[in-house]
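Fit chain B to the given chain A structure using the hints.
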Amino acid sequence: MKFITVSGPPSSGKTAVILQVIKAMQQRNINVGVVKFDCLATDDDLLYARHGIPVRKGLAGPLCPDHYFVSNVEECLEWGLSQNFDVLISESAGLCNRCSPHIEGITSVCVIDNLSGIGTPKKIGPMLKTADVVVITKGDIVSQAEREVFASRVVQVNPSALTMHINGITGQGAYELSTVFFAAPETDTLQGLSLRYSMPAALCSYCLGEKRIGKEYQMGNVRKIQLGGVEEPKK
Amino acid sequence: MKQADLFTTPLNQLCARMPELIDFFASFGLEVARNEADIDALLASLSATQTEHLGMTPTQFRIALQDYVAGVEALDMGQDRVHSIRILPGRDKSGHAEEFELELVPGQIVSIVGPTGSGKSRLLADIEWVAQGDTPTGRRILLNNAQPDAKWRFSTRHKLVAQLSQNMNFVMDLTVEEFIRVHGESRFVPELEQKIKQVLDLANSLAGEPFAATTQITALSGGQSRALMIADIAILSQSPVVLIDEIENAGIERKKALELLVQKEKIVLIATHDPILALLGEKRLVISNGGIKKVITTSAAERANLVELERMDRVLMQLRQRIRNGETLEQL
Chain A
1 MKFITVSGPP SSGKTAVILQ VIKAMQQRNI NVGVVKFDCL ATDDDLLYAR
51 HGIPVRKGLA GPLCPDHYFV SNVEECLEWG LSQNFDVLIS ESAGLCNRCS
101 PHIEGITSVC VIDNLSGIGT PKKIGPMLKT ADVVVITKGD IVSQAEREVF
151 ASRVVQVNPS ALTMHINGIT GQGAYELSTV FFAAPETDTL QGLSLRYSMP
201 AALCSYCLGE KRIGKEYQMG NVRKIQLGGV EEPKK
Chain B
1 MKQADLFTTP LNQLCARMPE LIDFFASFGL EVARNEADID ALLASLSATQ
51 TEHLGMTPTQ FRIALQDYVA GVEALDMGQD RVHSIRILPG RDKSGHAEEF
101 ELELVPGQIV SIVGPTGSGK SRLLADIEWV AQGDTPTGRR ILLNNAQPDA
151 KWRFSTRHKL VAQLSQNMNF VMDLTVEEFI RVHGESRFVP ELEQKIKQVL
201 DLANSLAGEP FAATTQITAL SGGQSRALMI ADIAILSQSP VVLIDEIENA
251 GIERKKALEL LVQKEKIVLI ATHDPILALL GEKRLVISNG GIKKVITTSA
301 AERANLVELE RMDRVLMQLR QRIRNGETLE QL
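First to last, the sequence lines map onto chains A and B. The opening residue of the first sequence carries number 1 in this note's numbering; numbering runs sequentially from there. The opening residue of the second sequence carries number 1 in this note's numbering; numbering runs sequentially from there.
Note that these hints are calculated values from the structure, not bench results. These numbers come from a predicted model, not from an experiment. Wrong hints could be hidden among the right ones.
[Said to hold, decoys possible] Taking lysine-lysine and the DSS-like style, the derived pairs with C-alpha atoms no more than 27 Å apart in a straight line are: (1) B:Lys-151 - A:Lys-2; (2) B:Lys-120 - B:Lys-293; (3) A:Lys-224 - A:Lys-123; (4) B:Lys-256 - B:Lys-283; (5) A:Lys-122 - B:Lys-293; (6) B:Lys-120 - B:Lys-2; (7) B:Lys-294 - B:Lys-255; (8) B:Lys-2 - B:Lys-255; (9) B:Lys-93 - B:Lys-294; (10) B:Lys-195 - B:Lys-255; (11) A:Lys-23 - B:Lys-256; (12) B:Lys-283 - B:Lys-294; (13) B:Lys-294 - B:Lys-197; (14) B:Lys-293 - A:Lys-23; (15) A:Lys-23 - B:Lys-197.
[What the hints assert, rightly or not] Derived coverage of chain B by chain A (criterion: at least 3 residues anywhere in the stretch with Cβ under 8 Å from a Cβ of chain A; other residues may be distant): (16) 19-33; (17) 132-144; (18) 170-176; (19) 230-237; (20) 311-320.
Ideal placement from N, C-alpha and C gives every residue a C-beta, glycine not left out.
Chain A on its own, in the form it takes in the complex:
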């Protein structure tokens, strides 16, 4: 089975792109399943189901969604294998732009959109910088120049990736992307593989449910903002 991880900032068009790619694959009788990761709630699983695509969803709830992803990705792969899929796609929202579910040796895709602004590629961390394929969406509503500028900013932070423009509404480019997906290597186990980049570090008192504000309640991995000009409070 081929396994592909798709990530990207919220509302960048991940689900629309995946649906178009699967449509192109189904025309060739390729059997595809999806695992959708999200935080609090998602109806995207219904959207996939409505298109006749086998789907499972995982909600991270109070946990960091990427920590949740990596702790469950093996089980997802096993589910995919048990269903005899040709291709399994995982979709996860990169909410803090810092994280990435990308795994060494697994084709990884980052979806970002032209409307997010030309400063965005620089602001996104490993999710964009370590992806194999960068999909840029919503190109049909901005000018050619802005598309080119945006793409050049993407190339600047990830010159190694294949960068593609996909229209999530009409599906233009989705067939082409599906051939890239289908060229992914066969993966039957994630044993021994590792993430491409470390996940966001946490473990402070707030991770453990603390709600009160104030220095005396902050413990563990705490980093302080540098505002400059403000005198350091005496200890």
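Frame of chain A; chain B shown alone:
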């Protein structure tokens, strides 16, 4: 640049040789233009926060640097001129073979007509992806009568098709001048100041109402935006093909815009059902059920009618101008 050089040359010298690298490093939060260390010394000296800002491991960063330099060098070798795009026939949605083999050459205007869902987008996508029998239509695209290089498919800097449609808007928070500069810089365009002026002058010659270099692009009218987009494509875009998806006849001189693109040796494809635009093309591709069903060459009679259509169009434009001026239309 040899790989060994890349990793052993002091960064300030590296940036002097390839100024594009200053921006590359800056997008990872690194100021290197005056740094006399080499890349490995730099990576070793980063603080925890700076390493975090990299967003990738030092090993991954070295690969990215290598690939970026390779990309810039490929660009320096110059764009290959495309003097012919040949579309070898495929099949329609029912599997029937297409009968037409087409050749598109620079300076040519070709209209594409057919109802929504007929396969116009697919034809464009085939060209954009330089299809090699590996898309649903089975069409093949030849560039300069040969099998195309993979870069046309995979490099963002070698895109075959630039697009312009009525739905497009400017979204950047920039003035006209800043916008043209940002675009030019992203393409490493030489003699940029001169080009900025050219784009601005051209755009103003196409727009019904002139605008200044200091205008915010988001504040431009529909016609002004379209005029700026076309002037920008004509001068700054490297793509040999321009696809125009239906442009309205408001606030922009369409005929002049098309002539401009043709002068700049672009292959112009127009998806339109507007009679004037359609007749401006040398031929019309009629798309139906996913295939090219017919190729109509614009006849002498049609060309003669174009004159009449343009006269009607001018009448409507004048009426529009009168409405704008607050006049009445009780008498035409």
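A quick look at each hint next to the structure:
no. : hint                  : verdict
1   : B:Lys-151 - A:Lys-2   : 25 Å, holds
2   : B:Lys-120 - B:Lys-293 : 12 Å, holds
3   : A:Lys-224 - A:Lys-123 : 20 Å, holds
4   : B:Lys-256 - B:Lys-283 : 19 Å, holds
5   : A:Lys-122 - B:Lys-293 : 46 Å, violated
6   : B:Lys-120 - B:Lys-2   : 45 Å, violated
7   : B:Lys-294 - B:Lys-255 : 25 Å, holds
8   : B:Lys-2 - B:Lys-255   : 49 Å, violated
9   : B:Lys-93 - B:Lys-294  : 16 Å, holds
10  : B:Lys-195 - B:Lys-255 : 23 Å, holds
11  : A:Lys-23 - B:Lys-256  : 41 Å, violated
12  : B:Lys-283 - B:Lys-294 : 10 Å, holds
13  : B:Lys-294 - B:Lys-197 : 42 Å, violated
14  : B:Lys-293 - A:Lys-23  : 26 Å, holds
15  : A:Lys-23 - B:Lys-197  : 46 Å, violated
16  : 19-33                 : holds (count 4)
17  : 132-144               : holds (count 3)
18  : 170-176               : holds (count 3)
19  : 230-237               : holds (count 4)
20  : 311-320               : violated (count 0)
Checked against the numbered hints listed earlier, the structure breaks hints 5, 6, 8, 11, 13, 15 and 20; every other hint is satisfied.
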